[in-house]
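Residue numbers (my numbering), protein chains in the order written: chain H, 918 to 1341; chain A, 918 to 1341.
Quick caveat, the hints were computed from the structure, so don't treat them as lab data. None of these values were measured; they are calculated from a predicted model. Keep in mind that the hints are not guaranteed to be accurate.
Since the list gives no way to pick out one identical chain from another, each pair is judged satisfied if it fits inside one copy or across any two copies.
Claimed, not checked - Calculated cross-link-like contacts (lysine-lysine; reagent style BS3-like; alpha-carbon spacing at most 30 Å):
no. : residue 1 : residue 2
1   : Lys1196   : Lys1158
2   : Lys1196   : Lys1043
3   : Lys945    : Lys1216
4   : Lys1197   : Lys1039
5   : Lys1043   : Lys1300
6   : Lys1128   : Lys1158
7   : Lys1039   : Lys1257
8   : Lys1284   : Lys1197
9   : Lys945    : Lys1076
10  : Lys1128   : Lys1043
11  : Lys1196   : Lys943
12  : Lys979    : Lys1159
13  : Lys1300   : Lys1196
14  : Lys1197   : Lys1043
15  : Lys979    : Lys948
16  : Lys1248   : Lys1219
17  : Lys1196   : Lys948
18  : Lys1197   : Lys1076
19  : Lys1197   : Lys948
20  : Lys945    : Lys1229
21  : Lys1197   : Lys1300
22  : Lys945    : Lys1219
23  : Lys1196   : Lys1284
24  : Lys1277   : Lys1196
25  : Lys945    : Lys1257
Protein chains: 2
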Amino acid sequence: MLYSEMNKEQLAAEKQTVEKLYEELKSKGMKLTMARGIPAPEQLDLSINMLLHCLDGDCTSKSGADCRSYGVLDGIPEAKELFMDMLGVSANEVIVGGNSSLQMMYDTIIRALQLGVYGSEKPWCKYDSVKFICPAPGYDRHFAMCEALGIEMITVEYKDDGPDMDEVERIAASDETVKGIWCVPMYSNPTGITYSDEVVRRLANMKPAAKDFRIFWDNAYCVHHLSDDHDTLLNIIEECKKAGNPDMVFEFSSTSKISFPGGGLAVICASENNINFIKKQMAFQTIGFDKLNQLRHAKFFKNYDGIVKHMKAHAAIIKPKFDLVEYMLEKELQPLGIGKWTHPKGGYFISFNAPDGCAKRVVELAKEAGVVLTDAGATYPYKRDPHDSNIRIAPTYPSVADLRRAMELFCVCVRLAALEKLSA
Amino acid sequence: MLYSEMNKEQLAAEKQTVEKLYEELKSKGMKLTMARGIPAPEQLDLSINMLLHCLDGDCTSKSGADCRSYGVLDGIPEAKELFMDMLGVSANEVIVGGNSSLQMMYDTIIRALQLGVYGSEKPWCKYDSVKFICPAPGYDRHFAMCEALGIEMITVEYKDDGPDMDEVERIAASDETVKGIWCVPMYSNPTGITYSDEVVRRLANMKPAAKDFRIFWDNAYCVHHLSDDHDTLLNIIEECKKAGNPDMVFEFSSTSKISFPGGGLAVICASENNINFIKKQMAFQTIGFDKLNQLRHAKFFKNYDGIVKHMKAHAAIIKPKFDLVEYMLEKELQPLGIGKWTHPKGGYFISFNAPDGCAKRVVELAKEAGVVLTDAGATYPYKRDPHDSNIRIAPTYPSVADLRRAMELFCVCVRLAALEKLSA
Chain H
918 MLYSEMNKEQ LAAEKQTVEK LYEELKSKGM KLTMARGIPA PEQLDLSINM
968 LLHCLDGDCT SKSGADCRSY GVLDGIPEAK ELFMDMLGVS ANEVIVGGNS
1018 SLQMMYDTII RALQLGVYGS EKPWCKYDSV KFICPAPGYD RHFAMCEALG
1068 IEMITVEYKD DGPDMDEVER IAASDETVKG IWCVPMYSNP TGITYSDEVV
1118 RRLANMKPAA KDFRIFWDNA YCVHHLSDDH DTLLNIIEEC KKAGNPDMVF
1168 EFSSTSKISF PGGGLAVICA SENNINFIKK QMAFQTIGFD KLNQLRHAKF
1218 FKNYDGIVKH MKAHAAIIKP KFDLVEYMLE KELQPLGIGK WTHPKGGYFI
1268 SFNAPDGCAK RVVELAKEAG VVLTDAGATY PYKRDPHDSN IRIAPTYPSV
1318 ADLRRAMELF CVCVRLAALE KLSA
Chain A
918 MLYSEMNKEQ LAAEKQTVEK LYEELKSKGM KLTMARGIPA PEQLDLSINM
968 LLHCLDGDCT SKSGADCRSY GVLDGIPEAK ELFMDMLGVS ANEVIVGGNS
1018 SLQMMYDTII RALQLGVYGS EKPWCKYDSV KFICPAPGYD RHFAMCEALG
1068 IEMITVEYKD DGPDMDEVER IAASDETVKG IWCVPMYSNP TGITYSDEVV
1118 RRLANMKPAA KDFRIFWDNA YCVHHLSDDH DTLLNIIEEC KKAGNPDMVF
1168 EFSSTSKISF PGGGLAVICA SENNINFIKK QMAFQTIGFD KLNQLRHAKF
1218 FKNYDGIVKH MKAHAAIIKP KFDLVEYMLE KELQPLGIGK WTHPKGGYFI
1268 SFNAPDGCAK RVVELAKEAG VVLTDAGATY PYKRDPHDSN IRIAPTYPSV
1318 ADLRRAMELF CVCVRLAALE KLSA
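Turn these sequences into a full structure, and let the hints steer you where they fit.
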């Protein structure tokens, strides 16, 4: 029976039942975390041979560079090739960096603030304020980065196929201090949706007031499909070229969830003008990133096909976990009419919308019973979810057995929070 | 016979002889570079087992962290320990980073500009200008970094035991926009000198006008001795504590010339207040550096003693090269009274002072004959050597045979440049 159709007595009885369920689960003393999108240990084992056998003593890149030594600021060619095929860019449109795409994003923004980007009239810090458009719910670390660097965030809502483009276009065109937009365009963190072709084209065709406006395209999950029935995404760099805005996008990606979260490769892709500009700035920061790790990746994956195959092995491990979460939500919550959730075909998250005003309480209840979720609100700029509704579920790290227990608790917490609200 | 004692005819005859020598050497079509302090391939071979055998499939740090995964912003404990013993700091005074100490310096400065350092009243970019004291000749990349980030450089001369401290103290005390000083305190790049205890203590006891003044202590060559008869350096972090200036120093180091220039570990050391402040800022930039490489280093070197032993193997390879350079300079130039050079007991460079006004010409002549040296002037802020005299000799990369040929040419170039000057 739907909670919305229950009368006062029915709700009271249900609340008593659910409170008892909650106490029972709490007494089990669980200790689980589903706070972050972290691959399970078995996923990391898939790449272990990269560490054991890939460098056989010959550390020479096919360019002739000794990967042990200094140099090659933009990455060895064989590492570039992996990403060129993965992201549809040419060798002059990519820089292979260190182990963290977050770091490449942060560095890109702090350099923009201090020095400007290609085509800037002045460094961004010379404006009274700098603003970014932040479709939400989104990736908490994007928003935290803006806050840390003093960038004002303008929240825009997500629709089913990407950000509300009417709003995005309006805001970008309204003010030259609006310098960027954050996008996780494929299997978006946390919603799981992929931007439609129309949304990508509208983004590429924007006419922002700022001539040095940039789309920060965090394509973190571009090959992270759960099955062969997967989403597709237009190539933003191509679309920006077609639209006559070739320099308007910085694309980021990494192998953090392909090889190793702590020891993968990160990349930035952009127009040649952008890349040349970035390389000039970057040459003062470093002599080069870790080419040994680049060589390891190139030897292990061999080519883009190697990555595609590898991702199927990841999917085999994590798809059952996504299925389990959806199964539990359908079984436990659908009949009660509380909560809505997404059905992503890839990525690392399921986005759950609790009844308005309940998200914080759900997270709190779960924590008290031993299951740590991403903080409620974290998926919004300034951690302010206007509906106190969105919760990011990260199913990959726990074992299937642990995940089942955690989701059992989660559903009870959602029920209890909803009942507390209804009976308040 | 000293050139200074030759008469016009003798100089003309000598010039004719040297021109002939130069043309002979030029006709050999050499192709060598001594531009940068790069370890020779045999030095890199010393660490090759780190790549082959150090990670046996178990990637767990003794802290319990899976080094393949996310996290541990400040480095795994076993990697910290290597540096704690090497640099005399505690676990709370060190962050182990990625593969580049240059990057840690750049990031530290750009964050200081954008956000300030511990104790800053405001971000450094909010001042009309920011100035750094730059003892010279010094490391070209320090100076290039300042220039790229818009920091004004104030050149101070080196004495035999460190920077001219009267000048340093005066400048630092004179102006609150003087925010830093660059130091390569041990086997300084390029002079090869090590700061005396008195200089270190005077630095630690400075009373700068800026309360957020920082010593940038690039201790790149702290264990890079050429023999057991080596220099010693006071611990600047200790001395700053004693002086009541605990937060005044950022110390940097790396294993770039211990393990691999492209795949080593970099560190920043500082007071706990500084480190906590930096970690707070850094948490927005990255989830963590490459812990797999940290684990590799910890397993390979085991402890600081392992590093000390390893550096003796490096010394066995490079000391003959330093000896050769000094031998050639003594044999070829000393009798003529042209040029002065240093006699470092460690590090990567010999600093050569050509007769005033000759450095650019020497580098040019050498280049025309196929030997690339560091650009003349590069060791000074804005690439302006007031005497056009200093040339950095980097003897480590070429083989002994190549180095002999290169130094033969070098000495001929110095003679020719000096003779051109004397006969002008």
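How the hints compare with the structure:
With identical chains, the CA atoms of Lys1196 and Lys1158 are at most 30 Å apart within one copy only, with a shortest distance of 21 Å there and 39 Å across copies. Taking the shortest Cα distances, Lys1196 and Lys1043 sit within 30 Å of each other both inside one copy (22 Å) and across copies (26 Å). When the C-alpha separation of Lys945 and Lys1216 is checked against a cutoff of 30 Å, the pair qualifies neither within a copy, at 46 Å, nor between copies, at 40 Å. In this homomeric assembly, Lys1197 and Lys1039 come within 30 Å of each other (Cα to Cα) both inside a single copy, at 17 Å, and across copies, at 28 Å.
For the homomeric pair Lys1043 and Lys1300, the shortest alpha-carbon distances inside one copy (27 Å) and between copies (28 Å) are both at most 30 Å. For the identical chains of this complex, Lys1128 and Lys1158 are intra-copy neighbours only, at 15 Å inside a copy versus 49 Å across copies, given an alpha-carbon limit of 30 Å. Proximity of Lys1039 and Lys1257 under a CA criterion of 30 Å is satisfied in neither setting, with 45 Å inside one chain copy and 46 Å between copies. With identical chains, the CA atoms of Lys1284 and Lys1197 are at most 30 Å apart between copies only, with a shortest distance of 25 Å across copies and 47 Å within one.
In this assembly of identical chains, Lys945 and Lys1076 lie within 30 Å of each other by CA distance neither inside one copy nor across copies; the values are 39 Å within and 70 Å between. In this assembly of identical chains, Lys1128 and Lys1043 lie within 30 Å of each other by CA distance both inside one copy and across copies; the values are 15 Å within and 25 Å between. Proximity of Lys1196 and Lys943 under a CA criterion of 30 Å is satisfied in neither setting, with 54 Å inside one chain copy and 35 Å between copies. Taking CA atoms no more than 30 Å apart as the test, Lys979 paired with Lys1159 passes in neither setting, with 33 Å inside one copy and 53 Å between copies.
Only between protomers do Lys1300 and Lys1196 lie at most 30 Å apart by alpha-carbon distance; the minimum there is 21 Å, versus 34 Å within a single protomer. Taking the closest pair of Cα atoms, Lys1197 and Lys1043 come within 30 Å of each other both inside a single copy (21 Å) and across two copies (25 Å). In this assembly of identical chains, Lys979 and Lys948 lie within 30 Å of each other by CA distance solely across copies; the values are 21 Å between and 48 Å within a copy. Taking CA atoms no more than 30 Å apart as the test, Lys1248 paired with Lys1219 passes in neither setting, with 43 Å inside one copy and 53 Å between copies.
Taking the shortest alpha-carbon separations for Lys1196 and Lys948, only the inter-copy value of 27 Å comes in at or below 30 Å, while the best intra-copy value is 46 Å. Taking the shortest Cα distances, Lys1197 and Lys1076 never come within 30 Å of each other, neither inside one copy (38 Å) nor across copies (34 Å). With identical chains, the CA atoms of Lys1197 and Lys948 are at most 30 Å apart between copies only, with a shortest distance of 27 Å across copies and 48 Å within one. In the homo-oligomer, the alpha carbons of Lys945 and Lys1229 never lie at most 30 Å apart, since the shortest distance is 35 Å inside one protomer and 58 Å across protomers.
Taking the shortest alpha-carbon separations for Lys1197 and Lys1300, only the inter-copy value of 18 Å comes in at or below 30 Å, while the best intra-copy value is 36 Å. For the homomeric pair Lys945 and Lys1219, neither the shortest alpha-carbon distance inside one copy (47 Å) nor that between copies (42 Å) is at most 30 Å. With identical chains, the CA atoms of Lys1196 and Lys1284 are at most 30 Å apart between copies only, with a shortest distance of 26 Å across copies and 45 Å within one. Taking the shortest Cα distances, Lys1277 and Lys1196 sit within 30 Å of each other only across copies (28 Å), while inside one copy they are farther apart (44 Å).
Proximity of Lys945 to Lys1257 under the C-alpha cut-off of 30 Å is restricted to the intra-copy arrangement: shortest distance 28 Å within a copy versus 78 Å between copies.
The structure fails to meet hints 3, 7, 9, 11, 12, 16, 18, 20 and 22 from the earlier list, while all remaining hints are met.
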